[in-house]
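Engineer: If you want the building blocks of each chain, they are given just below.
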Amino acid sequence: MINEALIVNENFLKNKIGESFDTKYRSLKIPAFNNAEAFIVYISGMIDARVIDETILEPLMKYSKLPQGKLQVKGAEPISILTEQGVFTTALKETRQWEEICDAVMEGDTILFIDQCPSALILTTRKYEGRTVNEPSIESEIRGPRDGFIENIQTNAALIRRRIKDYSLRFDNMKIGERTKTVVSVTYIESLVDEALLKEVKSRLEKINVDGIIASEYIQELIEDSPFSLFPKMTNTERPDKACAALLDGRVLILVDNTPFVIIVPTVFWQFLISSGDYYEKFYLATFLRWVRIIAMFLSISASSLYVLLTSFHQEMLPTALALKIAEGRQGVPFPAVLEAAVMEIILEIMKEAGLRLPKPIGQTISIVGTLVIGQTAVAAGLVSSFLLIVIAVAAISSYAIPSYTMSNALRLVRFPILILTAFFGLLGYLAGIITLLMHLMSLRSFGTPYLSPVIPFDKNGNKDVFIRTPWWKMLNRPKFVRSKDRARQTSNLKPKPPSEK
Amino acid sequence: MRKIRMLYLLLFIIFSTFIFSGCWDLREINELGLVTAVGIDKGNSPNRYSVTVQIANPTSQKSSDNKGSQQGNEVWIGTEEGASLFDAVRKLVNISSRRIMWAHNNVIIIGESMAKEGIIPIVDYFTHNPELRLKTAIVIAKGEAKNYITAKVGMESPSGVSFIFLEGYRALTAESVESHMLEVSTELENEYGNPLISEVSLKEATMQSGSEDSKKKSSETIELSGAALFKKDKMLGWLSPEEARGVSWMLNETDDTVVTVTDPEYGNKNVAVETMNVRAKIKSEVINGIPHFSVHISGKGKIVEEDGTTSQSMSEVKEYAEKLVDKKIEDEIKNSMEVVQKKYGVDVLGFAAIVHAQNKREWDNGLKYKWQEIFPQITVIVSADINIQSSVLHQQPMKIF
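For the record, the sequence lines run as chains A and B. Residues in the first sequence are numbered from 1 upward in steps of one, following this note's numbering. Residues in the second sequence are numbered from 1001 upward in steps of one, following this note's numbering.
FYI, nobody ran anything at the bench for these hints, they're computed from the structure. These numbers come from a predicted model, not from an experiment. The C-beta atom is built at its ideal place from N, Cα and C for all residues, glycine as well. Just to be clear, a hint being listed does not mean it is correct.
As the list claims (entries may be wrong) - Quick list of in silico lysine-lysine cross-link-like pairs, DSS-like style, CA-CA up to 30 angstroms: (1) Lys1091/B with Lys325/A; (2) Lys1343/B with Lys1142/B; (3) Lys325/A with Lys1231/B; (4) Lys1231/B with Lys1300/B; (5) Lys1116/B with Lys1269/B; (6) Lys282/A with Lys464/A; (7) Lys1328/B with Lys1283/B; (8) Lys474/A with Lys464/A; (9) Lys1281/B with Lys325/A.
Unchecked claim - Residues of chain A placed beyond 12 angstroms of chain B at every Cβ, according to the derived structure: (10) Ser27; (11) Phe88; (12) Cys102; (13) Gly108; (14) Ser140; (15) Arg143; (16) Thr320; (17) Ile326; (18) Leu427; (19) Leu428.
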């Protein structure tokens, strides 16, 4: 509880939040209240100085409606006069709690203390420097909206609101992190969302008791099912259109302040193969592209394993002409195919990692060194076979054809155990690896939803948007596995037809 | 504590399956000798086999600087003798430096003398071997099989790989028969089966390489035509290409086969007809203990060549060409039946199976015990009906005024 004596309050605050260079304590006298002593406190980098000048200081100093000098300042009176008579144009809140006051200061609000008043006023003056809304960098699409989420949660919420004007769109905020006090917002459409899912999300979030949440990935790691699994059980998106589509499915979003990535739950495996661009193209093309991605996923896991399998164990599975070509390429290569493949995979990973960190002007060097030196000269020197280079390149390119960066990272790790198994046991090992992988995928769940649904367990309606993308007028129901309260998405017979003769 | 120890033990056991098994069955592709063709002859002393393998030798990319002269891959040829086939094959390792791998073998060539002695050891060895495919072609060589391994096949150089192509176009002339390991081994295991295996012979062919006339040289190339006739596992004799073709009609092994007939009405000019969808239907009937067969050949055809000039319309040409083609096919079949039945007396066409299926009672009541004696006495009535449908591009015969 704050004290009536101004000096006590000031000292308390200075003790509590310190006197850093950006923490400003400014004393002033209010002419309207008999030149009563007052002070405001704020953090300079987080406020809008113009707002403080124009909507706080100016009215306090100049407000003429108040009978100057005649007013008896007693108790809470000045505060109620200020709030009730509309002196301030900015949002305000009266409080007596120190905790509330300190939190407000930390968030960029300005606090006004007046001598002899038992409460203080919190005035909203927040303004953070940040990026403006611009194009998403990871999930870029050829068509579709060009805006992406940014670090500011307010802006992100507005981006969603602008797309969904449903009355029952809800943002339930909570603060997570003992010290960071990060705002986390559970977003859902109340008339669609499954209550049990919402309850589960909230209870998992409430259980979090950590020092700090720097980014949404922290949250993700803290609430994920089967935390040891390689596979992501939540989608991360920086595209508001994708987030809104998820809301309309009845899913729940988790917005985290200071993170441009929004979490979508529940998420199933197939969603990582779907890009939001699928809905901006004709369904034929979208379906075709999905199959391209499925093939790419398969290749990125197993291209190098299949190479080892075919060249070192099961040469009879190759057509004769191809077998001879591969043998020709491997002529004089001093390593077994397994080692050759493993070494090239590792070199490729090093190149990927180096390319990520290099300053842009030197980035060119990596591509030249990578392609020319390692690629061509290794073949010319007879250290690796040219066929293997093709295989490795195909695997690398394939992993980028998967729309989700998180999923392609997971698959990037999966291919090493499979390669090792193949190296030891041939086809047997390869199949054991793939089967183990499938079994693992089948055992996973994301907030109660089986990870491979709607394929396993099978759901006819859900499958309208997995291996094929049916046209919108056919997707009548929301996917079953999300367990939305309102299954029907739209009315039937929406298929465009020529006007009837009657 | 105990649980953790058990877990470590379990991990150790799993880990050791990797370590101790090593890279089980690992064989690098460039350390294998991929056999593309194999020839089998009798060895120098009795009861010994001589095996000649042709192994594709993929040349390194770097050494192929002189591109023009190198067409395809080189082959390596090795011959070894052994008391058994397996013995001979294993001995090949002594000279080959690479492990022999059969999975890519395309053709098994058996020498004439070996075939006359019996092919059981060969069929057994190659069907025992898990690497070898049952779709591998099997042919009988005139003379020694060894010579065929070194010969060229058509325009391609490693003969084994290219033999598939030769075999693939077999049906265009139908002067040989389809003989793969699968068919030969089932025939041998069949109670009444007698295999019929294609014949290969060597033919002089002139090769001209590059632009230099001096490089013109003649070499031997493999010709696939004719067939070897077996009684069980022992070869009895040869069928000529024409006789093999007669058999092919009955075995449904023709496809786009050309029949050329001479038409006597127009100055003995030729008409060539390409037959399609030819099907043979064989029916049997037992009269007085002697089976009678009727073979009916039906199919479609088109005129692909018409050498004579005539004022007749195409439909008239078609009409008499049909008659001549039918006659020609019937004659071909009759001729080959004559040879098979009278000269060799071996049922290579599977008539026994037809009687067995169609006249089961008579078959069980005696025919099956004396089929060898009865086969030369059976009568075969042949009728052919080829329906010529189009004349490809020409709507009218060419006319000279």
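Engineer: Checking one constraint from the list: CA of Lys1231/B to CA of Lys1300/B, max 30 angstroms. Satisfied?
Structural biologist: 34 angstroms, violated
Engineer: Over 12 angstroms from every CB of chain B: does Arg143/A meet that, or does the non-interface label fail?
Structural biologist: Per Cβ check, Arg143/A is outside 12 angstroms of chain B; nearest 44 angstroms; holds.
Engineer: Holds or violated: Lys1281/B and Lys325/A, Cα atoms, limit 30 angstroms.
Structural biologist: With a Cα-Cα distance of about 45 angstroms, the restraint between Lys1281/B and Lys325/A is violated, given a limit of 30 angstroms.
Engineer: Is Lys1343/B close enough to Lys1142/B, meaning Cα to Cα at most 30 angstroms?
Structural biologist: At roughly 20 angstroms apart (the allowed maximum being 30 angstroms), Lys1142/B and Lys1343/B satisfy the hint.
Engineer: Once the closest CB in chain B is found, is it more than 12 angstroms from Cys102/A?
Structural biologist: About 48 angstroms separates Cys102/A from the closest Cβ of chain B, which puts it past 12 angstroms; holds.
Engineer: Would you say Leu428/A is clear of chain B, with no C-beta pair closer than or equal to 12 angstroms?
Structural biologist: 9 angstroms, violated
Engineer: Would you mind confirming whether the straight-line C-alpha gap from Lys1328/B to Lys1283/B stays at or under 30 angstroms?
Structural biologist: 21 angstroms, holds
Engineer: Given the hint that Lys325/A pairs with Lys1231/B, does the C-alpha gap stay at or below 30 angstroms?
Structural biologist: 42 angstroms, violated
Engineer: Verify the proposed pairing of Lys474/A with Lys464/A, using a straight-line Cα cut of 30 angstroms.
Structural biologist: Distance ~8 angstroms between Lys474/A and Lys464/A Cα, so the pair holds.
Engineer: Against chain B, does Thr320/A hold up as non-interface, every C-beta pair farther apart than 12 angstroms?
Structural biologist: Per Cβ check, Thr320/A is inside 12 angstroms of chain B; nearest 4 angstroms; violated.
Engineer: Is the nearest Cβ of chain B still more than 12 angstroms from the Cβ of Leu427/A?
Structural biologist: Label violated. Min Cβ-Cβ 10 angstroms, cutoff 12 angstroms.
Engineer: Does Ser140/A clear chain B by more than 12 angstroms, comparing its Cβ with all Cβ atoms of that chain?
Structural biologist: 40 angstroms, holds
Hint check: violations occur at hints 3, 4, 5, 9, 16, 17, 18, 19; the rest are consistent with the structure.
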